[in-house]
Amino acid sequence: GAGVSQSPSNKVTEKGKDVELRCDPISGHTALYWYRQSLGQGLEFLIYFQGNSAPDKSGLPSDRFSAERTGGSVSTLTIQRTQQEDSAVYLCASSLQGDGYTFGSGTRLTVV
Amino acid sequence: AQSVTQLDSQVPVFEEAPVELRCNYSSSVSVYLFWYVQYPNQGLQLLLKYLSGSTLVESINGFEAEFNKSQTSFHLRKPSVHISDTAEYFCAVSGLTGGGNKLTFGTGTQLKVEL
Numbered sequence: 001g002a003g004v005s006q007s008p009s010n011k012v013t014e015k016g017k018d019v020e021l022r023c024d025p026i027s028g029h030t031a032l033y034w035y036r037q038s039l040g041q042g043l044e045f046l047i048y049f050q051g052n053s054a055p056d057k058s059g060l061p062s063d064r065f066s067a068e069r070t071g072g073s074v075s076t077l078t079i080q081r082t083q084q085e086d087s088a089v090y091l092c093a094s095s096l097q098g099d100g101y102t103f104g105s106g107t108r109l110t111v112v
Numbered sequence: 001a002q003s004v005t006q007l008d009s010q011v012p013v014f015e016e017a018p019v020e021l022r023c024n025y026s027s028s029v030s031v032y033l034f035w036y037v038q039y040p041n042q043g044l045q046l047l048l049k050y051l052s053g054s055t056l057v058e059s060i061n062g063f064e065a066e067f068n069k070s071q072t073s074f075h076l077r078k079p080s081v082h083i084s085d086t087a088e089y090f091c092a093v094s095g096l097t098g099g100g101n102k103l104t105f106g107t108g109t110q111l112k113v114e115l
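Chains as they are written, first to last, in this note's numbering: chain A, 1 to 112; chain B, 1 to 115.
Source of the hints: derived by calculation from the structure; they are not laboratory data. C-beta: ideal position from N, C-alpha, C; glycine also. Be aware that one or more of the hints could be misleading.
[What the hints assert, rightly or not] The calculated label-pair distances, taken between Cβ atoms and stated as ranges, are:
id, chain 1, residue 1, chain 2, residue 2, range
1, B, H82, A, L39, 25 to 35 Å
2, B, S80, A, D63, 48 to 58 Å
3, B, S54, A, G28, 25 to 35 Å
4, B, L56, A, E20, 20 to 30 Å
5, A, S27, B, S28, 31 to 41 Å
6, A, Q84, B, R77, 33 to 43 Å
7, B, L115, A, S38, 28 to 38 Å
8, B, S26, A, N52, 23 to 33 Å
9, A, E44, B, S26, 18 to 28 Å
10, B, E58, A, P61, 34 to 44 Å
11, A, S58, B, T72, 15 to 25 Å
Work the whole structure out from these sequences, hints included.
This is the structure in structure tokens:
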């Protein structure tokens, strides 16, 4: 597609439920990032996929968080047993050669 | 490893005044540098970037940034701001690592333009 597409745009879930957030990067982009932005906070790096290399998972806050990227394209971020502190905007970005990153509009997650 | 420091969390400025948002970085490798802007309730948009060549880069809406290798800085400037420039601005650095070009952000600077 023309840009990075994220779905859903908004998600309200009950504490303890699992959620899946989806990211469709720009076609052909080999690098894909997930970031989290909490109210009044900066951008917190979560995970980074680059081509066929092993993903950099160093930013995932706990083992309740996981992400995969199928076929080098679509990525899914999964949060298990959601907690209220997981409430944030989850941003996805993609890049071809690291010379420019295009961000999606994000998924606003609210855990109630 | 690389890091980005944005010393000013908030910068208030009057309309039509000049502004400078500071950004310093550290990296052991050559870097690409970026400024992103986030308008209220919107996503991140690329404002400008330095990849190579001329150290002064400009955006379409009057912002400019200069890469200073000796001072490891990439400060963002605008000679005359407008109310519509009110937003949060993020400086970011991308450096070549073993796994590719990883992007690291600063903590952001909230620019508030007042009448």
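Hints versus structure:
1. Under the hint 25 to 35 Å, the C-beta atoms of H82/B and L39/A, about 26 Å apart, fit the expected range.
2. The hint said 48 to 58 Å for the Cβ distance between S80/B and D63/A, and at roughly 50 Å that hint holds.
3. Taken as a hint, the range 25 to 35 Å holds for the pair S54/B and G28/A, whose Cβ atoms sit roughly 28 Å apart.
4. Hint check: L56/B to E20/A, Cβ distance near 44 Å, so the stated range 20 to 30 Å is violated.
5. The beta-carbon spacing between S27/A and S28/B, approximately 33 Å, falls within the hinted interval of 31 to 41 Å.
6. As the Cβ distance of Q84/A to R77/B is approximately 40 Å, the hint placing it in 33 to 43 Å holds.
7. A C-beta distance of roughly 30 Å is found between L115/B and S38/A, which places it inside the suggested range of 28 to 38 Å.
8. The hinted range of 23 to 33 Å is satisfied by S26/B and N52/A, whose Cβ atoms lie roughly 29 Å apart.
9. Range check, E44/A to S26/B: about 19 Å between beta-carbon atoms, so the 18 to 28 Å window is met.
10. Taking the beta carbon of each, E58/B and P61/A are about 38 Å apart, inside 34 to 44 Å as hinted.
11. Checking the proposed 15 to 25 Å range against S58/A and T72/B shows it holds: the Cβ atoms sit about 23 Å from each other.
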